[in-house]
Each structure stands twice: as structure tokens, then as C-alpha cells.
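J.: Join the two chains, each given in its own frame, into one complex according to the hints.
Below, each chain spelled out in residue letters.
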Amino acid sequence: MSHNPKNPSCQTCGMRHKGVFSNLDRDNLTEISSQKSCNLYRKGDVIFHEGNYPLGLFSIYSGKVKVFKTSETGKDHILRLAGAGEPLGYRSLVSGEKYEVSAAVLEDTRVCFIPKALFLNTLQGSSNLTGRVMEFLTKDLKLAESKIADLAQKTVKERVAETILMLKQFYGMENDDKTINVSLSREDLANLVGTATETLIRSLSEFKKNEIIDLKGKKIIILNAKILEKIANIFD
Amino acid sequence: MLDKAQNIPTNACDHCVFASTTTESKGSFSDSRKEMIIRSNDFLFKEGQLAMGIFCVEAGTLITLKQAESKATVLNVIKPGHILGTNAITSATYQYSVKGLTDAKVCFIPKPLVIKLMNEHLPFKLAIMKALCQEIEATQQKSLSLIYKSSKQRIATLLLEVASTIRSQSREKAAIYFVPEEFAGLAGIAAKSLMKILHEFEQKQWVQCQKNQLMVLNANALGKLL
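Protein chains in written order, with my numbering: chain A, 2 to 237; chain B, 249 to 474.
Next comes chain B alone, as it looks inside the complex (with noise of 0.2 Å):
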């Protein structure tokens, strides 16, 4: 997957905001932004670090989290497309972690020009503004889906999201890189119900689970439930 994704040729920023930035200023950009890999399970940055500049997901999946006490919850799945650490535009630091689900590639782009782009380039500013909108409404979604979907529900979406961008980009089924904890905050239950009901997927066949490998084997079943 990873190897696929490294031959994305470097105009990969055209589906991205940064799209509506001039030519001219997209020569400035290119010269210094920078892709980076970052491994399944490796952090990307974390809560509270020094914010300094946003990231552009190219490939994989991410999910972001937030600490609090010794328990972590994660906010959201990121799919390619999406930017993250917006708020590093308007505050000191990140306000929740990030770490890679799959193996994923982002493009970093410093704070300085992202605001420099900013001043310069109103439509970009409006991009920024509408990328933070439905990050707003994802967020919002979530929290809504965690109060009125059943844990069964829950996983089962969160199944066939995470199996939807690996096999977007892979087309053959995938093995979904599983680790319980992770996919138990996704869902936001506790690890052992989590491990109850994929069993009961597992016995239905929807699913297939290999130590830390999780294959999605029958998604219709599985979007019936939601």
C-alpha cells in the first residue's frame, strides 16, 4: 500500500486546499513543504506539543486523540484529503495527538507560510475555513453517533470506514493493522466488549481476525446493522 502511495507524483497538492494558491506562490510552497512517512502506530505529533504548521494526509489512515488523566480517546478517523492540526494556525499548540493507523504519508507545510498564504491568498483562507468546518461537523457527528449508536453499531461503521480508504487504495481486501486498546477507543467502548462482539462477527463471518490482523470479509452484513 505504502509503495503505492509513494509513486503519487509530487502534484498530489492539487486535490488538496492548497489547489486554490497561485502558481506563482505553489513554486514557494512546493520548495518548503515536506512529505514524511509515518508508520502505523507511530505518532505524528502529540497534545500540547509546540504547534509548527498543519499537515496534509496524502495516504493512509490516521486517528486523532486526546488525552485526558490516563485514558485516551480518539476523536476521529483521518482519511487522505484531510488536514490536520488546523488549530496550530490560531493557537501555540496541537490540541489533540495524531497517529498513524495504517501506514500513511503526509506533507507538512510550516506555520509561517500557511499564514503568509493566508494573508496573501483570500480563497485559501476560505479553503482553510471550509477544511475547518467539516472537520467541525465530523467532530460533531462523532459525538452524536456515541450517544445514540449501539457499541455493535459503532464498530461496525468504524469497520467499514477504515476498510473503505485501504481498499480505495489497494482494491484487493486488506488486512486492517489491529491493535484492541486503539479500536476500542475508536468506538469508545471498553477493549473487552469490543473483543466480545468482534468475536461475534467472527463467528458470523463477517469479519476475519488474525492476531493483529482484522479482514473485513462480508460488509454488507455489516452495513445492514447500522
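In isolation and in its complexed conformation, chain A is listed as follows (with noise of 0.2 Å):
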């Protein structure tokens, strides 16, 4: 059953210490295994929308997805990219209120999916998973400070900086060691950057011209990364 792709179990599961359930103990693990459901999610995908109630805990078992909130003007915002392991949509079940963002998917994901009843009963009667759960949270506070901090403060050019090196992070390099293993549209990198997709576009060709990156189709290709960190103006 462990190599059974279609819905694997969580015991053997290798992105769990990533998770929220990486130190839950076995019999609740067993009960979670046992209960969840394991779906495969096409690009493009809409795995929750915002402002629907939460009917489970999704995690996600391998693949990229964007997690965003649509502005009442209707353009999308990426607040956070969420890669193998990650839980989505775990705050609005903690909460008990209504989605406040949307999650799609940005290549073909495996998704796993825990009920409600069982995730909310299994954290009354675990300490490890709400300390876990604690854990998330602030980390997800201290990430939507910063962003506030980053948007306040840093320019345009710092920001585009700061996001392609924060891509290289996330998805990390392929073989050639310079392209970023990612192929985002010109829109969701300036959703996620924050600004109108012709100023992300003016800024790349920017770092294009001064040979710190260069384009090809939707991959973006590091040539001189100590200058884009100098640019992104990271100090942590």
C-alpha cells in the first residue's frame, strides 16, 4: 500500500516532516492515512476558492501550487507559493471562517485531502499537532509582516530582485545550474512581485540588459545572482 501512487500513506510519506502531521503519533497517523483521499490536480486547477467554507485540510503531496486572493477589482495577488508537504487552507479550518484566498495549481499536483471532523478532532487530542499547527502560524505572520515591510519600502526593481531569487529558492535550478525550474507567466510573477505586469516586464528587460539575467520563453536564467541579491537588498 505505501507504493500504491494513487492515494500513499502517510506513514511513509516523505514530505510529512514538512507537514503539519510530521510528529504525530502513530495511531493518529494510522486514523488520517486511513481517512484521507489523494487527488491528482491538472494545471490550472482550482483546488478552493475564496469565501467557500472549509470542508477538510488539503496538503499537498507533490507539485507546485500558488495560493492568492482576488482583489475586488478582479486582479489576482500570489501571496505565497506552496510546494510539496505544505498544508493548504489550514488556517480558515483552524478559525472556523470562510476561505480568504483561492489555491490553484501551477503544474499537475498530487493533492491530499483530510476531512474536516477528523483533522479538528485529532488537534483537541494531540499536543503535538497544535503545537505544530502554533508553529505555522507564526511563521506565516512573520512572512505577512515582512511582505508589508518589502511593499512599503523596497522599490519595484528590489522587489522583481527579491522574487526571482526567492523563486530560485523554492523550485531550485535545473541541470544547467542558471535556469530556475519554473515556468510562470508574465502575470502571475507580477501578481506575486506586486505590481502591473508592464513594470515587471520593464524591469526584467532591465536585468536583461545589464546581463544579470537572461529570458527564454517563460524561464528565467540567473547569469550574475551576487548582483541581483546586491539588488534585492536582503539582509536577513
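In short, the hints are calculated from the structure, not lab data.
One or more of the hints may lead you astray.
Dumping the calculated DSS-like pairs for lysine-lysine here, alpha-carbon to alpha-carbon at most 30 Å [as the list claims (entries may be wrong)]:
1) A:Lys140 with B:Lys294
2) A:Lys155 with B:Lys314
3) B:Lys327 with A:Lys155
4) A:Lys155 with A:Lys217
T.: Shown next as C-alpha cells:
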């Protein structure tokens, strides 16, 4: 069963150490493993929509997901990118409110689903899980706060450079050790930086002109990571 | 305003997250919590300071700041009922500074007590988690408004937000203690543009500025901007 690609078991899940269930005791884990389901989402599929009530916890088994919020004017803003092992929508589940964000798949992704009742029951019974959820919450809060500081203080150029470095860290490099292993549309990239698509493209071409990066279709090739880091102004 | 705040009976904690703790533990809780008054423009705690516990806001308005290089960015406006310094539970230092925007009354709960309560009472732990969720939500909302809203809209939102907390406590139109740099930080714009926009609002007689006092005269007109 552990090798069943359709519904991988939690006990042998290699991604578990990254998620909320990392230090759950065996009994709880067995229960979750038996009740959860795993689905394949194709590129572009939406896992959940903003404004709906959560029915359970989503946890990414493999692939990449974007978590975004739609503004009143209908523009999307990407709050974060999530990779294998990360839980999705656990905040709404804990607070018992509607989803504040939507999640959509960036590439073919396997997502496990744990029913709400089971998750909440486990949460009430296991201090390991609550501790872990707490860790995730404080981490999220820290991220959200530094995002505000970034938006208020950094120029678009700095933010673009930072985003490229973030993508590099998050997705890793292809075999040539230069190309970032991701293909995001320019619009997605702009939404991630928090700027207009036009402004993003302008910054990208400026970087390209200065031979800091190279662009091949949707792929970004980092030519000079040091200068990029300098532009991004990263201190921490 | 502060006088009113001081008159709140000590069971004000019924409204906050600690309400979910049992009466028995509330005893130990009331003993070790401590009420403090923060004057406007005073720091409650600073970023990087060793975290001794968490704070519960009982009255008044505070702001959270994050220091980067020489500039401080204001993260959020904190109203009564909010908890401050929740990250103290998991980390050793505070990750932002807190400053009083108006005079405020806060209640300090030492960290060991919070942790003890959290381990003993699951509902309390869940309540803390819920509070954290709301804090994250508010922070994300703020970063979105920085991206999508015009500076005018942001100022209007801010004025209404601060005015509403003051008015709910004292009925009549109250003056907001006004520091240009702070408000500019709150709205995420330069102090100069803030003054320009405020001047415009003043000409339309929506607000009234006097030295460091600011009054909202026409909240409806401001609300329409949003």
C-alpha cells in the first residue's frame, strides 16, 4: 500500500516532515492515513475558492500550488507559493471561517485531503499537532509582516530581484545550474511581486540588458546572482 | 477617554481569549496579569526585545511597527480586544515594535502562564490559534491594500478606522492625536503626500487639522472614497 501512487500512505510519506503532521503519534497517523484521499490536479485547476467554507485540510504531496487572493477589481495577487509537504487552507479550518484565499495548481499536482472532522478531532487530542500548527501560524505571520515592510519600503526593481531569488530558492535550478526550474507567466510573476505586468516586464528587460538575467520564453536564467542579491537588498 | 478605560471592571477579560479558560485557572490568571497604561507615542515593546509575555489590548489604539534600516513601517492598527506579541509563545524575541497611537490600556500576561494555560486547556490553545489566524488575515489584507488602493483611499480607510475606535469609546467627535510621520507610515506613503492629501480633505471640509489634533468631520464622504 505504501507504494500506491494514487493514495500514498502517511506513515511512509517522504513529505510529512515538512507538513503539520510531522511529529504526530502513530495511532493518529494511521487514522488519518486511512481516511484521507489523494487527488491529482491538472495545471490551472483550482483546489479551493475564496469565500467557501473549508471541508477539510489539503496537503500537497507533490507539485506546486499558488495561493492567491482576488481584489475587488478582479486582479489576483499571489500571496505565496506552496510546494510538496505544505498544508493548504489550515488557517480557515482552525479559525472556522471562510477561505480568505484561493489555491490553484501551477503544474500537475497531487494533493491529499483530510476531512475537517478528523482534523479537528486530532487537533483537540494531540498537543503535537497543535504545537506544529502554532509553529506554522507564527511563521505565516512573520512572512505576512515582512511582506508589508517590503511593499512599503522596497522599489519594484528590488522586489523583482527578490522574487527571482525567492523562485530560485523555492523551485531550485535545472541541470545547468542557471535556469530556474519554473515557468510562470509574466502575469503570475507580476502578481507575485505586487505590481503591474508592464512594470514587471520593464524591470525584467532592464535586468536582461545589464546581463544580470536572461529570459528564454517563460524561463528565467540567472547570470549574475551576486548583483541580483545586491539589488534585492536582502539583509536577513 | 482614558478615564473611561480605567473604569472598566476587572472582568474585562471575559471578552478576550482568556475567557475560555476555566474559572479555577482564572484565579491564578488574575493574580499574575498586570494592567498598564501606555501614553500615545510611547513604546510598549520594541522589535528584537526579549519577549516576556503577551499583551491584551483593553482600550485605546496602538500601532505595530517594523524597523528596517532607518525607516519604520507601520504594520497595523491594533484595536481593543486584540492580542499583541503572540509570537512570544514560540520565539524568544518580539518580531515587531508596538507604540501607542492614542492613550491605551493593555493587560500583560507573562509567558510562562500563557504556556502553562495552553498546555492545560485545549480551548485556550485553540483560541490563541484563532487569534493568530485573524492577525495573519489582517496583515495580508493590509499588504493587499498597499498594492491595490490609491494613497487617498488608504488615508481615508486609516482615518475612519482610527476615528471609529475613538468614537466607540467616547461618543462625541474626538480628536486623533496626529503625528504626520506616523500616519504616513500607516498609510504607506511619504509624509509630504500625506499632508497634501490631508490638505485637500480639509478644503473639502471632511477633516479638520489643528497642530497635532485631527478630527474627522464628514465620515460619509470619506467612506465614499473607498
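J.: It remains to establish, for every hint, whether it holds in the given structure.
T.: Results of checking the hints against the structure:
1. A:Lys140 with B:Lys294: holds (19 Å)
2. A:Lys155 with B:Lys314: At roughly 14 Å apart (the allowed maximum being 30 Å), Lys314 (chain B) and Lys155 (chain A) satisfy the hint.
3. B:Lys327 with A:Lys155: With a Cα-Cα distance of about 28 Å, the restraint between Lys327 (chain B) and Lys155 (chain A) holds, given a limit of 30 Å.
4. A:Lys155 with A:Lys217: OK: Lys155 (chain A) and Lys217 (chain A) at ~27 Å, within 30 Å.
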